[in-house]
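Q: Here's the letter readout for the chains.
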Amino acid sequence: MTVAAEGSPPLRMTRARRNALLQSEPVQGFALISPTFLYALVLLVLPILVVIAHSFWTQHYLTIDGTFTLENYRVALTEPIYRDLLWRSLYISLTVSFFTVVLAYPIAYFISFHGGRHKSLWLFLITIPFWTSYLLRVMSWKVILGYNGVLNSGLMGLGVIDEPSTALLYNSSAVIITLTHAWAAFAILPIFISLEKVDRTLVEAATDLGDGPLRSFLRVTLPLSAPGVISAAPIVMIPTVGDYVTPKLVGGKDGVMIANAIQAQFGKAANWPLGAALSVTTMVIVTLMAGATVLIIRALQRLAR
Amino acid sequence: MRARRFLPGGWLSLYAFLYIVFLYLPVVFLPIFSINTAPTPKFPLTGYTLKWYEDLPNTPALLDAAWNSLIVGVSASVLATVLGILAARSITRYRYPGRRTINGLIMAPLVLPEVIVAISMLLVMLQLGLSLSLFTVVLGHVLICIPYSMTVLTSGFEGFDRSLEEASADLGESAFGTFRRVTLPMVAPAIISSLLVCFTISLDEFIIAFFLTGTEATLPIYIWGQLRFASKLPGVLALGTLLLIASFLLMTVAEILRRRAARRTQNEGGLYA
Numbered sequence: 000m001t002v003a004a005e006g007s008p009p010l011r012m013t014r015a016r017r018n019a020l021l022q023s024e025p026v027q028g029f030a031l032i033s034p035t036f037l038y039a040l041v042l043l044v045l046p047i048l049v050v051i052a053h054s055f056w057t058q059h060y061l062t063i064d065g066t067f068t069l070e071n072y073r074v075a076l077t078e079p080i081y082r083d084l085l086w087r088s089l090y091i092s093l094t095v096s097f098f099t100v101v102l103a104y105p106i107a108y109f110i111s112f113h114g115g116r117h118k119s120l121w122l123f124l125i126t127i128p129f130w131t132s133y134l135l136r137v138m139s140w141k142v143i144l145g146y147n148g149v150l151n152s153g154l155m156g157l158g159v160i161d162e163p164s165t166a167l168l169y170n171s172s173a174v175i176i177t178l179t180h181a182w183a184a185f186a187i188l189p190i191f192i193s194l195e196k197v198d199r200t201l202v203e204a205a206t207d208l209g210d211g212p213l214r215s216f217l218r219v220t221l222p223l224s225a226p227g228v229i230s231a232a233p234i235v236m237i238p239t240v241g242d243y244v245t246p247k248l249v250g251g252k253d254g255v256m257i258a259n260a261i262q263a264q265f266g267k268a269a270n271w272p273l274g275a276a277l278s279v280t281t282m283v284i285v286t287l288m289a290g291a292t293v294l295i296i297r298a299l300q301r302l303a304r
Numbered sequence: 000m001r002a003r004r005f006l007p008g009g010w011l012s013l014y015a016f017l018y019i020v021f022l023y024l025p026v027v028f029l030p031i032f033s034i035n036t037a038p039t040p041k042f043p044l045t046g047y048t049l050k051w052y053e054d055l056p057n058t059p060a061l062l063d064a065a066w067n068s069l070i071v072g073v074s075a076s077v078l079a080t081v082l083g084i085l086a087a088r089s090i091t092r093y094r095y096p097g098r099r100t101i102n103g104l105i106m107a108p109l110v111l112p113e114v115i116v117a118i119s120m121l122l123v124m125l126q127l128g129l130s131l132s133l134f135t136v137v138l139g140h141v142l143i144c145i146p147y148s149m150t151v152l153t154s155g156f157e158g159f160d161r162s163l164e165e166a167s168a169d170l171g172e173s174a175f176g177t178f179r180r181v182t183l184p185m186v187a188p189a190i191i192s193s194l195l196v197c198f199t200i201s202l203d204e205f206i207i208a209f210f211l212t213g214t215e216a217t218l219p220i221y222i223w224g225q226l227r228f229a230s231k232l233p234g235v236l237a238l239g240t241l242l243l244i245a246s247f248l249l250m251t252v253a254e255i256l257r258r259r260a261a262r263r264t265q266n267e268g269g270l271y272a
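Quick mapping for you: the protein sequence lines, in order, are chains A and B.
Each residue of the first sequence is one higher than the last, beginning at 0 in numbering that gives the first Met the number 0.
Each residue of the second sequence is one higher than the last, beginning at 0 in numbering that gives the first Met the number 0.
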C-alpha cells in the first residue's frame, strides 16, 4: 500500500514541492543570512550609530552628558592640531591611493595580458606578502629606513653616502612608502578583474582599424578598465586615512595622523565624544574625497573615448 | 597577437619583476636579520646564529601570548566560517530583495578604517558593561574575518550545481542528509580554506586586538610591546619570522584548497550546464 501510494504521484509531488520552494525562496534566503546579518548589525551598525551619538555629547570626567551639542565638531574642524592632522591624513591617503593605483595598473595589465597560463600563480605571488602580519611589514620598513637601517648601511657600504641619512625615517614620506607597499594587493585585484573583462577582440579591432598600440591602449583598454580603477582608489583611500600603526612606527612627529589623535581620545585624553566626532568627521570627509575621485576618473574615462 | 601589446612584453616583465622585489623585499629582511649575530639590523651581516630563536621558548610572556593567539584564532575562525557559510550559501543560492545591501553591509569591515571599527566596538562593549578580554577580541576578529570567509566560500559555492541537491532530495534524502552527503563533500575544501584564512587574519591582526583586549596579549600585541625596547629587536625579528612562515604555510594550503573547491564545483556544474 505504502509503496503504491508513494509511487504513483511522484511527479506532482516534486512539482508541488518545487513550487513551494520557489515561493518561499526569499524567506529561506533571508532566514539563512540573518545570523550573519544580525552579527554585522549588532557589531558594526549599532557601534557606528553609538559613535555618531557620542559625537554630539559631552564628557565630564567619567560621566557622559547626553545634551545635544556641536562643540566637538567645532573643536575637530577648527582646532589647529586636529585640522592639521586631518589635512595630513587626507593628503597621505590621497597620495597613497594615487601611487598604489598607478604602480598597480601595469602589473595587473601584465598579469591579465601576458600572464598566460600562470595568471593565478602570479596573483597568488602578489597576494602572499599581503597575508603576512601588517604590523611586521611596517616593522620591516622601520628596519629598512632607520638611521642604522638597511638602506643607510647599504648605501654607506657602497660609498654612495658618507654618513647615515635621517631623511628616510620619521616623516610623512616614510608613511606614504609603507602604506603604498601595504595596500598594493588591494589595488591590483580590482584592476586585474576589470582588465580580464576587457573584450580582447575590441583591442584587436582598434589595431586593425589603424590605431597604434599606445592609441588602442589609451582609447580602448584603459577606458574599459576604468571600473577597476574606480573601485581600487576608494578601497585604498578610505582605510589608509585612518591608519594607526604606520604613523606610530615610521611617522615620527611629522607623520602623525588623525587615527593617533582618535586613539588618544579613547586612551590617555579620555574624551570619548571628541574622539567620536573626530572619527565621524574623518569618515565623512574621506568619503566625499573618494566620491570626488570616482567622479574625476569617470570624467576622464568619458574624455578618453 | 600584436594587437594585445601596447608595451613590449619585455619591459612589462622587467617591471613585474621589480614590483615583486618591492613587494617581497621588506618581508625578506626579517628572516635575514633574525639569524644575524649583530643585535641591530644593518649591513654588512656579521655571522649566522640561532640564539635569538633559542631564547624564544624561555620567555613566559611570549608563550602566554602565543596560547592566547591560538585560542582567539581558533574561536574566531570557527565562528566566522560558520557565519560565512550561512551568508555565502544564502547569497549564492537564493534571490531575494535587499540581498545586495545585506551583502554590502557584511563586507563593509573590509573597507573601513580598522581604528574606527575598533573604537566603535569598544564604545558599545563598554556601554554594555562587557569587560574587555580575549572574548571581546574574538567578537571583533569574527566581524573582520567574515568578509574574507565570504569571499573564499562564495567562490567555492558559486557554480555549485543545484540539480545534484534536488536529485538527492527527490531520491528521498532528508534536507540534512542531502547537506551532509551531497553539499558538504563538495564544499569541504572551501570551508577548510576559509578556516585557514580566518585563522591567519586573526593571528596577524593587531589594531582590533589592541583596542579590545583587557590585560591578555595576543602575539601582535606582545610584539608591539617589545618594539619599545631596541635590545629586544632580534627576538622580535625571530618571532616575526616564525609568524611569517606560519602565515605563508597557512595561506598556501588555503589557496590550494580554495582552487580545488572552485575546480570541483565548476567541473560538476559544467557537465550539466
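Take the hints with a grain of salt, since some may be wrong.
DSSO-like mimics (lysine-lysine), calculated; alpha carbons at most 30 Å apart, straight line [stated by the list, open to error]:
id, chain 1, residue 1, chain 2, residue 2
1, A, K252, A, K267
2, A, K252, B, K231
3, B, K231, A, K247
4, A, K267, A, K118
5, A, K247, A, K267
6, A, K118, A, K196
7, B, K231, A, K141
8, B, K50, B, K231
9, B, K50, A, K118
10, B, K231, A, K267
Quick caveat, the hints were computed from the structure, so don't treat them as lab data.
Bear in mind that the values here come from a model prediction, so they are computed numbers and not experimental data.
Q: Taking the hints in turn, state whether each one holds.
A: Hints, one by one, checked against the model:
Between K252 (chain A) and K267 (chain A) the CA atoms are separated by roughly 18 Å; this keeps the pair inside 30 Å, and the hint holds. Between K252 (chain A) and K231 (chain B) the CA atoms are separated by roughly 23 Å; this keeps the pair inside 30 Å, and the hint holds. Distance hint between K231 (chain B) and K247 (chain A) is fulfilled; the C-alpha atoms sit about 18 Å from each other, no more than 30 Å. Pair hint K267 (chain A) plus K118 (chain A) does not hold up; C-alpha atoms about 49 Å apart against a cutoff of 30 Å.
A distance of roughly 15 Å separates the Cα atoms of K247 (chain A) and K267 (chain A); the hinted pair therefore holds under the 30 Å criterion. Among the hinted pairs, K118 (chain A) with K196 (chain A) is consistent with the structure: their alpha-carbon atoms are about 14 Å apart, no more than 30 Å. Taken as a hint, the K231 (chain B) and K141 (chain A) pair is honoured in the structure, with Cα atoms around 15 Å apart against an allowance of 30 Å. Between K50 (chain B) and K231 (chain B), the direct Cα distance comes to roughly 13 Å. Compliance with the 30 Å bound is thereby established for this hinted pair.
Of the supplied pair hints, the one linking K50 (chain B) and K118 (chain A) is violated, its CA atoms being roughly 41 Å apart against a limit of 30 Å. Of the supplied pair hints, the one linking K231 (chain B) and K267 (chain A) holds, its CA atoms being roughly 26 Å apart against a limit of 30 Å.
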